[in-house]
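Using the sequences provided together with the hints, build the complete structure.
Protein chains in written order, with our numbering: chain A, 1 to 342; chain B, 343 to 598.
Don't take each hint at face value.
[Said to hold, decoys possible] Calculated lysine to any residue pairs in the SDA-like style (CA-CA distance at most 20 angstroms, straight line):
# : chain 1 : residue 1 : chain 2 : residue 2
1 : B       : K523      : A       : K76
2 : A       : K76       : B       : D458
3 : B       : K345      : B       : S591
4 : B       : K523      : A       : L12
5 : A       : K76       : B       : G456
6 : A       : K8        : B       : S591
7 : A       : K18       : B       : D458
8 : A       : K76       : B       : I425
[Said to hold, decoys possible] So, partial list: chain A residues that the calculated Cβ filter (under 8 angstroms) puts toward chain B:
#  : residue
9  : A21
10 : R25
11 : E26
Hints in this document: simulated from the structure, not taken from any laboratory. Glycine included, every Cβ here is placed at the ideal spot set by N, Cα and C.
One letter stands for each residue in the lines below.
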Amino acid sequence: MTAPADDKELDLLLGRMKATAAPLRELLRGFHARYAENDEGKVADYIPELAGADRRWFGITIVTTDGQIFEVGDCKQLFTIQSISKPFVYGLALEDNGMEHVVSKVGVEPTGEAFNSIVLDESSNRPFNPMVNAGAIAIADLVRGKDYPERVNRLLKMFGRYCGRDVYIDNSVFMSERMTGHRNRAIAHLMLNFGMIGERIEEALELYFQQCSILVSAHDLAVMGATLANGGVNPITGLRAIEQPYIKNLLSIILSCGMYDHSGEWAYRVGIPAKSGVGGGIVGVIPGQFGIGVFSPPLDSKGNSVRGIQTFQELSQRFGLHVFESGFSDPKIQDLFAPARR
Amino acid sequence: MSKIISTHSFRGGTGKSNTTANLAVLTAKAGFRVGVIDTDIQSPGIHILFRLDEKVVQKSLNDYLWGKCRIEEAAYDVTERAIGDEQDGSERPRLFLIPSSLRSGEIARILREGYDVGRLNDGFQDLIRLLRLDYLFIDTHPGVNEETLLSIAVSDTLVLIVRPDQQDFQGTAVTVELARKLFVPEMFIVINKVPIGTDPVSLKVHVEGLYKTDVAAVLPLSIEMARNASGDIFCNRYPAHPLTQELKSIVKRFIP
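Below you can see the structure in the form of C-alpha cells.
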C-alpha cells in the first residue's frame, strides 16, 4: 500500500512521462524549429536590463486544465512579466472593489492607441481600459492593503497562486523602470488632476513598477493561463487564484485590448484571448481547455513577440482555437495529448 | 509505420541486453531497418555484443543528451557485424546502434546533473525519422527511473524479461502496474534463464496468472549462451539452437 501523497507523486510523474511522449510535443518542436529561424524583430531596449536579453531565447508551453504540461525550448528561462501583469492585477482590483467601482475608475473600451499613450476619455476622464499604462496605474491604485508593504505582498501572493510557486521581483529592472518612468509619472499626475486616482500616487506608481518587474517563465505563463481557463483554480496546485465570476470580465478585456494596438486584428485573425509584454512573453487562454505561454524577446513594431505571434497564429488556425470557431472539422489538439499508438 | 519496442527488467542480470540484441538482429534479418538504443546510461553494455570498439565511438547518447551533437551523429551502422555479408549498402536490412558512453567521467556527470527526458524522447523520434527505421529497440536500465518510464510511455510494445525467481516476480509486478497506468498497447513477458528440468508449460501458466499478462517465451538456461559470455550475437553463432528458435517466435509477434 502506498500513501495518498505518494500516489499523487506517482500520478504527477506518470503524467509528465505521458506528456513527454505525446505527439503534441513533436508538433511544438516543429513549430519551435521553424519559427526559431525567424530573426525579425527588435529586443526592447528602453532600459538596459531588457536589452541584455538573448534574442535566440524561445520557449513554448501548454498546460491543460487537468494539469498536463507540454513544453519545448527555453521554458524555464525567467524574464520580467511587464504588461502581462496588467490583467491579473485587474482581477485583484475587481475582487477588492467589485466590478461597478472598478469600471467607474477605468473603462473597458479598446483605444487603438499605443500602450503608453497619454489619453483619457474626454467625458468621464477615465483611462480607456486597464491594459494601457494609464489604466494599469489606476488599477494598481485600487489594490487594497493597510500600507504599501501589505499591498505589495498581496500582489506577489496573488501572482504566486497563479504560478504555483513564490514569485520574485527583478530588482534592477524595478529600479530602472522607476528611474526612467517619467511618462508613467506624467500619466499618473494627469489622472490625479482629474481626481481619477487617489492621493497615494507614488505608492500606485511603485506598485505598478513592482508588478511589471516580476520574474516569470513561459512555463509560468502557461500555468497562469491554465488557471484562468480552469475557472480560477490553478490546475497544478489545486489552489484558487481568482474568484470565478471575474474571469469572464478579465478575459474579455484581454481579448479586446491584450495585444496593444494590434488587438483588433488579433481578435479577428487569431481570436485567442492573449496578453503580451515587452519582455517577450505572451500568455493565451483557451477557456475550459488550456493555457499557452510563449517567450521570445524580439518584438514587432507594436511591441508583441514576433515568434510568439507566429506560434499563436499557427495553433489557432491548425486546431480551430479561435473563440468564435464553430463546426471545425479538422483533428482537434486534444487528439495529440495522449501518446500516439501506431 | 514504425514501432518502438522497449525491453525492461526490474532487476539486473536477467539477460535483458542479450535478449534485446538478439531480437533486434532477428528483426533486421527479416528485412527491416532497425535501431537499438542503449538508454542504460548508468551501466551500458549492449555495444559489446555488437563488438563496437570504444575507440570508434566518438559520439554517444550522452553527448546528445548534453546538446553536444545530434542524435544521428551517435548512431553507428553495425549491419555488417550484426547480420553478416548479406548486403552491400542496400536499404534493407540495416541495423544501427546508439551506444551510451563508457567513460566513467561521463557516466558520473550524467548521474550528477541529470538530463531532460523530453530530449530523450525527441531523440527517439528523430532516430525513427532520420534513419527511416521500421523498428526502434530501447534497452533500458533495470528498475524504475525516469528514462525507463519514458521508454515505457512511448513504446508500442513492452517486453518484460524475468528470471524464475521470487525477487524478479515481485519487482515485475511493479513494472506491470506502471505499464498499465501508462497505457502500453502491447506487453508481454519473456521468462529467461529457466533451469533445466523446470516444466515450461506450468511455469508459463503460473506467471501468466500472476500478472494477467501473456508469456511470449520461456527461454532455457543455455550452456552455449553462458559460454558465449556476451562475446557474440547468439542467434548468429547458433542459428539452429532451440533458444534461437524461441527468440524467432518472439520476433514473429512484432513483424506483420
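Right, here's what the structure says about each hint:
In summary, the hint linking K523 of chain B to K76 of chain A is not supported, as the alpha carbons are separated by about 28 angstroms, beyond the 20 angstroms threshold. At most 20 angstroms may separate the alpha-carbon atoms for a hinted pair to count; K76 of chain A and D458 of chain B meet this at roughly 12 angstroms. At most 20 angstroms may separate the alpha-carbon atoms for a hinted pair to count; K345 of chain B and S591 of chain B meet this at roughly 18 angstroms. This hinted pair checks out: K523 of chain B and L12 of chain A have alpha carbons roughly 12 angstroms apart, not beyond 20 angstroms.
With a C-alpha separation of about 16 angstroms, the suggested pair K76 of chain A and G456 of chain B falls inside the 20 angstroms cut-off, and the hint holds. Taking the CA atoms of K8 of chain A and S591 of chain B, the gap is near 40 angstroms; set against the 20 angstroms cutoff, the hint is violated. For the hint pairing K18 of chain A with D458 of chain B, the CA-to-CA distance comes to about 14 angstroms; that is within 20 angstroms, so the pair holds. With a CA separation close to 45 angstroms, the supplied pair K76 of chain A and I425 of chain B exceeds the 20 angstroms bound.
Hint status for A21 of chain A relative to chain B: holds, with the closest Cβ pair at about 4 angstroms, below 8 angstroms. Below 8 angstroms, beta-carbon pairs count as interface contacts, and R25 of chain A has one with chain B at about 7 angstroms; its hint therefore holds. A least Cβ separation of about 6 angstroms between E26 of chain A and chain B falls short of the 8 angstroms threshold, and the interface hint therefore holds.
When each numbered hint is compared with the structure, violations occur for hints 1, 6 and 8.
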